[in-house]
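Novice: Below, each chain spelled out in residue letters.
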Amino acid sequence: MSSRVMRDFDLLLPESIEETIALLARHKDKSAVLAGGTDLLVALKFDYSIDNVISLALVPGLDELDFDPARGLTIGAKVTIADVLRSQDVKDNYPALWQAAQVFATPQLRNTATVLGNILRASPAGDCSAALYATGGSLLLKNAKGCRNIDLDDFWISYGVTARCVDELAISLHVPVPAQGEKSAFRRMTRTTEDLSKINAAVCLQMAGETCHKARVVMGCVGPTLLRLPKVEKMLAGAAVTPELLRDISNVVISEIAPIDDQRSSAEYRNKVAGVLVKRVIEAALNAKENDQ
Amino acid sequence: MKLLNLTINGRKHTKAVSPSMTLLDFLREELNLTGTKNGCDKGACGCCSVMIDDKPMLSCLLPALEAEGAAITTIEGIAKGNALHPVQEAMIEMGAIQCGFCTPAMVINGVHMLAKNNNPDDDEVKECISATVCRCTGYNSIEKALHLAASKMRRAAHDGS
Ligand SMILES: Cc1cc2nc3c(=O)[nH]c(=O)nc-3n(C[C@H](O)[C@H](O)[C@H](O)COP(=O)(O)OP(=O)(O)OC[C@H]3O[C@@H](n4cnc5c(N)ncnc54)[C@H](O)[C@@H]3O)c2cc1C
Ligand code: FES
Ligand code: FES
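Sequence lines, in order, name chains P and F. Each residue of the first sequence is one higher than the one before, counting from 1 in the numbering used here. Each residue of the second sequence is one higher than the one before, counting from 294 in the numbering used here.
Just so you know, the hints here were simulated from the structure itself, not pulled from any lab data. Just so it is clear, the structure is predicted and the values come from calculations on it, not from any experiment. Please note that the accuracy of each hint is not assured.
[To be verified] In the DSSO-like style, the derived pairs of lysine-lysine whose C-alpha atoms are separated by at most 30 Å in a straight line are:
#1 F:K305 x P:K45
#2 P:K91 x P:K214
#3 P:K45 x F:K335
#4 P:K45 x P:K91
#5 P:K45 x F:K295
#6 P:K30 x F:K409
#7 P:K272 x P:K231
#8 P:K234 x P:K214
#9 P:K91 x F:K409
#10 P:K30 x F:K335
#11 F:K335 x F:K348
#12 F:K308 x P:K30
#13 P:K214 x P:K231
#14 F:K295 x P:K142
#15 P:K28 x F:K335
#16 P:K142 x P:K272
#17 F:K348 x P:K91
#18 F:K335 x F:K305
#19 P:K45 x F:K308
#20 P:K91 x F:K308
[Stated by the list, open to error] For the chain F half of the interface with chain P, some residues (derived, Cβ under 8 Å), not all of them:
#21 G339
#22 L351
#23 L354
Beta carbons: idealized from backbone N, C-alpha and C, even for Gly.
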């Protein structure tokens, strides 16, 4: 047998969203939803056990990856990182998300891992999660009683903990239409390319000429959840993005983060590079214009 | 135990499996297809790559029951009888196989890439092997082997047409 023996679980294979929700209602916290399994299976091999694993493999209606210029982007629960990477609409309209998909793990993992799984995992290192936190979005959750939308801003509570109720299935994520002059980018640092981020950052800027109207700036691996950097966002809002501003921003970042030592990096290193990474991700967002046109 | 039906290397199998058994363990322990390797058992080394409905995936992170109805290709299904696939030939010719542990995965991923594109550039070759850890070769010889395999396949396609 395998070197890591998983505690036995039952694998339930519902064939509709309704059936999935009924199973969640029955098994509640004795169950876990399985999308790509790249987080869940690893957890089940190490330190986690659960009686019922509810697989989405046979559930139809969760594959939608659709961009509508009037409504925005919809990402269904079974959409993989590879699907996102193949989408010209995502590449053109949501560069931060596309760039996060581009550096995400390895080709095989990208074929399996889902975007929503990344969000539901609630890791402070989630790459697509960081990009989507910057662009903004809301999750559609469904249980036997009905549906609700929850903004990503309110979704991650602490490490691995979300606002999802145990009987809720995440159906899709909705990302708004990019604002006029919107620029976004994602950057990360890793030990080897296939490893999880040791630190990552994403920005979404609303630009009018050289002036930034509104900014969302996100950093990962520097706290128990992904963090927005409100001071940096304030410094950008209404300002011309000059080299001097970027230098000031890069000095402020350290006051907004609280990294720890772990197997991927040290708090000291993360504190040292965080400001530089934020500066670079802003530059990347702004420079994209010249590259593309 | 639950019943699993799937096709592996063109052959249909029906077998009762435990719901918590991975596809990797199913291949190795139940079907004795030990060409697919267990390097890390947690998604990090790529050695357990198999093709599932024509996509390379990691068999260590997939419950076998999720592969219900799928068509799977493992390293055992790559050669046609005694005739090696050009990727296998090239791996031997370039000395790209040392201990051999990563080889099945390198071959599976190489075959998949070249089936889609028999003229890959350096970056595409690097991307293809990036998913699999090799502790022996330093990767250079594997890159060269995939380029050689690509040229073999281009020649075969040219001669055939
Ligand atoms: C070797 C390796 C490398 C990795 N590299 C990266 C990387 O570079 N960047 C990165 O961000 N992550 C990385 N990861 C982590 C992981 O691949 C991602 O978090 C992935 O997006 C998870 O998606 P999944 O579909 O596999 O989720 P799963 O494992 O299926 O699920 C993850 C969690 O979400 C829950 N869940 C999933 N879907 C739903 C739903 N629809 N409704 C309710 N709950 C749900 C599950 O119950 C589980 O708790 C890596 C993992 C491995 C093993
Ligand atoms: S054994 Fe599956 S990736 Fe290492
Ligand atoms: S040849 Fe030994 S691991 Fe690659």
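Novice: Compare the structure with each hint and give your call.
Specialist: Each hint, compared with the structure:
{"no.": "1", "hint": "F:K305 x P:K45", "in the structure": "29 Å, holds"}
{"no.": "2", "hint": "P:K91 x P:K214", "in the structure": "21 Å, holds"}
{"no.": "3", "hint": "P:K45 x F:K335", "in the structure": "8 Å, holds"}
{"no.": "4", "hint": "P:K45 x P:K91", "in the structure": "35 Å, violated"}
{"no.": "5", "hint": "P:K45 x F:K295", "in the structure": "20 Å, holds"}
{"no.": "6", "hint": "P:K30 x F:K409", "in the structure": "43 Å, violated"}
{"no.": "7", "hint": "P:K272 x P:K231", "in the structure": "18 Å, holds"}
{"no.": "8", "hint": "P:K234 x P:K214", "in the structure": "8 Å, holds"}
{"no.": "9", "hint": "P:K91 x F:K409", "in the structure": "22 Å, holds"}
{"no.": "10", "hint": "P:K30 x F:K335", "in the structure": "23 Å, holds"}
{"no.": "11", "hint": "F:K335 x F:K348", "in the structure": "19 Å, holds"}
{"no.": "12", "hint": "F:K308 x P:K30", "in the structure": "27 Å, holds"}
{"no.": "13", "hint": "P:K214 x P:K231", "in the structure": "12 Å, holds"}
{"no.": "14", "hint": "F:K295 x P:K142", "in the structure": "29 Å, holds"}
{"no.": "15", "hint": "P:K28 x F:K335", "in the structure": "26 Å, holds"}
{"no.": "16", "hint": "P:K142 x P:K272", "in the structure": "42 Å, violated"}
{"no.": "17", "hint": "F:K348 x P:K91", "in the structure": "22 Å, holds"}
{"no.": "18", "hint": "F:K335 x F:K305", "in the structure": "28 Å, holds"}
{"no.": "19", "hint": "P:K45 x F:K308", "in the structure": "23 Å, holds"}
{"no.": "20", "hint": "P:K91 x F:K308", "in the structure": "43 Å, violated"}
{"no.": "21", "hint": "G339", "in the structure": "6 Å, holds"}
{"no.": "22", "hint": "L351", "in the structure": "5 Å, holds"}
{"no.": "23", "hint": "L354", "in the structure": "4 Å, holds"}
When held up to the earlier numbered hints, the structure conflicts with 4, 6, 16 and 20 and fits the remainder.
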